[in-house]
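Chains as they are written, first to last, in this note's numbering: chain S, 1 to 339; chain F, 340 to 772; chain E, 773 to 1092.
Rather than coming from a laboratory, the hints here were simulated on the basis of the structure.
Because the structure is a prediction, the values reported are computed rather than measured.
Just so it is clear, CB atoms sit at the ideal spot from N, CA and C, and this is done for glycine as well.
Careful: at least some of the hints might be erroneous.
[Stated by the list, open to error] Anything over 10 Å on all C-beta distances counts as not near chain E; from chain F, calculated:
#1 D406
#2 P483
#3 V509
#4 A584
#5 T679
#6 D722
#7 A726
#8 R755
[Claimed, not checked] Sample of chain F residues facing chain E (criterion: CB under 7 Å; computed from the structure):
#9 S482
#10 L484
#11 R487
#12 P504
#13 K510
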Amino acid sequence: MTEITVTLTKEQRITLFRNLVRADKFGKMMYSRMMQGKLIGFYHPAEGAIAPGVAAGSFLTNDDILFPHHRGHGITHMLSKGIDIEPYIAEHAGKSTGCCEGRAAWHYAYPDNNVFGTTAYIGHNFVPCTGFGWAAKRNNRGQIVMNCFGDGAMGTGRSHEGLLLSSNWQLPIVHFCENNGFAIFAEVEEMHPTAHLSTIAEGLNIPTTIVEDGQDVFAVAEAVMPAIERARSGGGPTFIEAKCLRFKEHDIGNRDLRGWKPREQDEYDAMLKRDPVLVATERARAESLFTDGEIEKIHEDAEQEVARAVKFADDSPVESPTEAELMATLYAPRDGVSF
Amino acid sequence: MSTDYVMPKLAMAMNEGTVAEWLVSDGDFVQRGELLLTVETEKTAYEVEAPDSGFFRILVGAGETRDCGTVLGVFYESVEALTAPNADSQSQTPSAPAADTPPRDTNATVSAGRDTVPDKATAAQNNVVTSSVPVTTGRLKASPLAKRMAKDAGLDLHRMTGTGPGGRIVKRDVEAQLRSQPHIRPQSIGATANQEDVLATIPITGMRHAIASRLIESLQTTAQLSSFWESNLSRLLEVRRQLVAKEEELGTRISVNAMLVKAMIYGIRRVPIANSCVVDDQIRIHRDVHVGVAVSVPGSTEYDSGLLVPVLRHADKLGLAELDLAMKALVQKAKDGACTADDFTGSTITFSTTAGLAPPGHRSTPVLNLPNAMLVGPSTPKDKPWAVEGEIKIQTVLPVSVTFDHRALDGDPAVRFMNAMHEAIENPNLLLL
Amino acid sequence: MRELAYVNAIREAIQQEMRRDETVFVVGQDVRGGVYPHTLDLIEEFGEERIVDTPISESAMHGTAFGSALQGYRPIVDFMFASTAMTVFTETAIMTGQQYFLHGSKRPVPLVMTGAWGIGKRTANDHAMPIHGYYSRAPGLRVVIPSTPYDAKGIFTAAIRDNNPVMIPWCTGIMMLKGDVPEESYELPLDKASVKRAGSDVTVLANSEQLQFALKVADKLSDEISMEVIDPISFSPIDMETILSSLEKTNRIVIVDEDWESGGFAATVSARIVEQAFDLLDAPIQRVCFPNMPIPGGYMEDYLRPNPEKIESAVRYVCA
Chain S
1 MTEITVTLTK EQRITLFRNL VRADKFGKMM YSRMMQGKLI GFYHPAEGAI APGVAAGSFL
61 TNDDILFPHH RGHGITHMLS KGIDIEPYIA EHAGKSTGCC EGRAAWHYAY PDNNVFGTTA
121 YIGHNFVPCT GFGWAAKRNN RGQIVMNCFG DGAMGTGRSH EGLLLSSNWQ LPIVHFCENN
181 GFAIFAEVEE MHPTAHLSTI AEGLNIPTTI VEDGQDVFAV AEAVMPAIER ARSGGGPTFI
241 EAKCLRFKEH DIGNRDLRGW KPREQDEYDA MLKRDPVLVA TERARAESLF TDGEIEKIHE
301 DAEQEVARAV KFADDSPVES PTEAELMATL YAPRDGVSF
Chain F
340 MSTDYVMPKL AMAMNEGTVA EWLVSDGDFV QRGELLLTVE TEKTAYEVEA PDSGFFRILV
400 GAGETRDCGT VLGVFYESVE ALTAPNADSQ SQTPSAPAAD TPPRDTNATV SAGRDTVPDK
460 ATAAQNNVVT SSVPVTTGRL KASPLAKRMA KDAGLDLHRM TGTGPGGRIV KRDVEAQLRS
520 QPHIRPQSIG ATANQEDVLA TIPITGMRHA IASRLIESLQ TTAQLSSFWE SNLSRLLEVR
580 RQLVAKEEEL GTRISVNAML VKAMIYGIRR VPIANSCVVD DQIRIHRDVH VGVAVSVPGS
640 TEYDSGLLVP VLRHADKLGL AELDLAMKAL VQKAKDGACT ADDFTGSTIT FSTTAGLAPP
700 GHRSTPVLNL PNAMLVGPST PKDKPWAVEG EIKIQTVLPV SVTFDHRALD GDPAVRFMNA
760 MHEAIENPNL LLL
Chain E
773 MRELAYVNAI REAIQQEMRR DETVFVVGQD VRGGVYPHTL DLIEEFGEER IVDTPISESA
833 MHGTAFGSAL QGYRPIVDFM FASTAMTVFT ETAIMTGQQY FLHGSKRPVP LVMTGAWGIG
893 KRTANDHAMP IHGYYSRAPG LRVVIPSTPY DAKGIFTAAI RDNNPVMIPW CTGIMMLKGD
953 VPEESYELPL DKASVKRAGS DVTVLANSEQ LQFALKVADK LSDEISMEVI DPISFSPIDM
1013 ETILSSLEKT NRIVIVDEDW ESGGFAATVS ARIVEQAFDL LDAPIQRVCF PNMPIPGGYM
1073 EDYLRPNPEK IESAVRYVCA
């Protein structure tokens, strides 16, 4: 295994920090909107566990393909990749100005940004990602695939099959496992026999990297960037396991259990000290990356961006196309379709 | 509670079976597993066990062939149920698939139909002319298509016989009906004069429906035409006067009508094809003469009338007095509403007089009474100048119209029949033959 | 015209489309070696980049097709046996079917899924089962079955060029059926039924080997009953227009399908006829299908499956 080490530039750190703050504001806004009844469906909050997604998404090109992790409904990864967030919130509000015309609820797709939708079928990401990787390799233009999933997905047969083919065919895929320790309530320690999930990939001869502190966005990025580079340069797949913390319950309204017992208050108290924005701010200050004024500006910008997107979603009408109108869009036409 | 017993399907290839023999008697209590009947198919005969227990009513007699699934009998829970009025003609919930069960009363005449025609008089009216239009009562089975076609054409499915599986009325049955009886109801002409102007509304149902449909069928399906002549009635009236003088001895006041029927029979003896019916692409010339006698009866209101054609049987075997008595009795029976279905079946020729009702010298073009090929329609005589042995004298002259079916009779036999009848009217001696 | 066996007509369609369009490729298990003849020797012409073998990993195998289709490729994913696709039903039916519509009808999924099925080969349920009934319940998929060599080539060609996921389960019972097939490339509509024999007394719908049976029965009864035999071809969406125009003429219908009797094509068509054309019926609709039991191996399938005798009996029943 060739070791690739990177040192993040100041510009890259600023990008990461900005995206982290944006993701945090978005997540909190989504949580409160869900509580206000303004979101449709479920919401699976990512709060606390946003550093891996920001690191995974921030340095992808538009041509790269992203399968976002479902937690936070992918906003962390997708806004880092550069999607337009206004249609995102509109979609989650059931508006026809949504990125999927109000049909997807939270299973977003942004084909123009090479994001093709998430799903409720955990582990399903390995299915299309195999094909994305196959196409990227054959396209031979340096396109890579960022395949994000949680520890729960590693229990599925699909994950085995996807890892197997990516290794066989040396596909340009970064398998990015955000191990927050829980699949709903189930603890990873109980559901998996090894200390690290990456051992599964190791068994299939895939290079692996473990990020023990997945709360530190800079640390995760330092692991992600070499994997992207390896894939882009024809080096095949990498499996990254970033260990992170889930601050909230699995989905809003559910209980927050460890196994089948409530998590202890001590656990919450300890976790909050490892808030990814707090960790990144401390590191930025310690390393004198930005001034306090710059940090404040980043927060203000993010709040305004969120406010604009919320207004867009609220102002968008709810449209009710007829059954016939919808039926007419069930099948793709022969002509006028672009890839 | 009752359970239908249907023609069992005893082999894959079996579509119908014949009831060879019932092994129980009608009304018996039958135990499940007991031998019930023998069913014959093309291949073999089967002794079939009773699938249920109960008091058994036999509905289909030995020798009859029925489609598989057709109801052959009914198991009743009790004797009371078995003997309840109309028990066996009631529409029951079939235990067999509904598609295989025929309407119970497909071939029943209207007298059995309680739900459409409750009283006897109406029953008779429904059998006006002949009883060849069976009326279905009970649950009607017709395909969706047949129902729609019948509705569109204004046809009554209850008056059709289903030839589909289990007696279902299907497309071909409606088409057959349409061919023979197209649309008796007048087409709606939209908004008519205001409703207050309508003196009475007579629904075209019951007897009116029967008259309308039968006469339209007659006009639509035969090649009928009418001919007329006049006969000098003077000698016949002279003979009648002598007979009327013997009224007491004869037991009846001989009518002109009876003598005219005698003249008609004379014509038939000379030209037998005048006494024929057209049935199923066949012309059947009859030996015996059964005369359908048209009788005007009261209608449903003071404005309309009814028309019945009861049959005077074996008119050719009767002497003049017998014939006169029989004819008068028949007309009275019809007017009393006492005729049964049998009274309306089997005429071979029709006699329809308007004498006394129509103006003197009146002629008409009567409509044939199916399936008879000949109708004789004398009307009211008229005194008029007439050449008698080279001199002009005032004579009583009878106008006679006949209508005949050209499918059966060409002009040659038809005019020979008319001429023979004319001869008998003018020479009443011939009526002795 | 030149005669070709059904399975070779499929092969010719794939070969011609692969020559015409670089984005077309085949992925499956042992497609290089060609377990069935429709991919036989294509490896020689197109190489391993376009005739792709996978391990026995159906979800990733299908994923290769699904993901690359979203990237503009036109994959044909060959499940060898159609029933194998059922092992990854979520991926093949649900995810693939909903992808385009649920995401705003923007990026289509142009892929072909195929595999063989066939009752009457003594193979029992796993190999024999028809799957079109299951897949026709997944909105967004096209489910088509061509039943003649001519149709096989035209349907596969059209399916490869179509911008939607198309499931084509083909029947081994007619694998070697020969028929006229033009050498040049051509397409047939994917959503239209095909009248295989005109008639006036009864409409009979039949596909695959049952189509051959139905045509034989039509010959046999030609003096008594005029059967109109229609191959539905498309099981999703169903071409009701062709079926109903035939029914307007015949007023009677028998639906033959080797799929199970419950909830499949025959049930759907029956329901739609009752809903949309109740007044056209002059006899009850009859279905000739497989009874609701797993398809046993051995000789039992001969009398359990639809066959010419059952078709004839149903035709006679509705024409009685």
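Each hint, compared with the structure:
| no. | hint | in the structure |
| --- | --- | --- |
| 1 | D406 | 8 Å, violated |
| 2 | P483 | 5 Å, violated |
| 3 | V509 | 5 Å, violated |
| 4 | A584 | 68 Å, holds |
| 5 | T679 | 35 Å, holds |
| 6 | D722 | 63 Å, holds |
| 7 | A726 | 66 Å, holds |
| 8 | R755 | 47 Å, holds |
| 9 | S482 | 4 Å, holds |
| 10 | L484 | 4 Å, holds |
| 11 | R487 | 4 Å, holds |
| 12 | P504 | 5 Å, holds |
| 13 | K510 | 4 Å, holds |
Against the hints set out earlier in the document, violations occur for numbers 1, 2 and 3.
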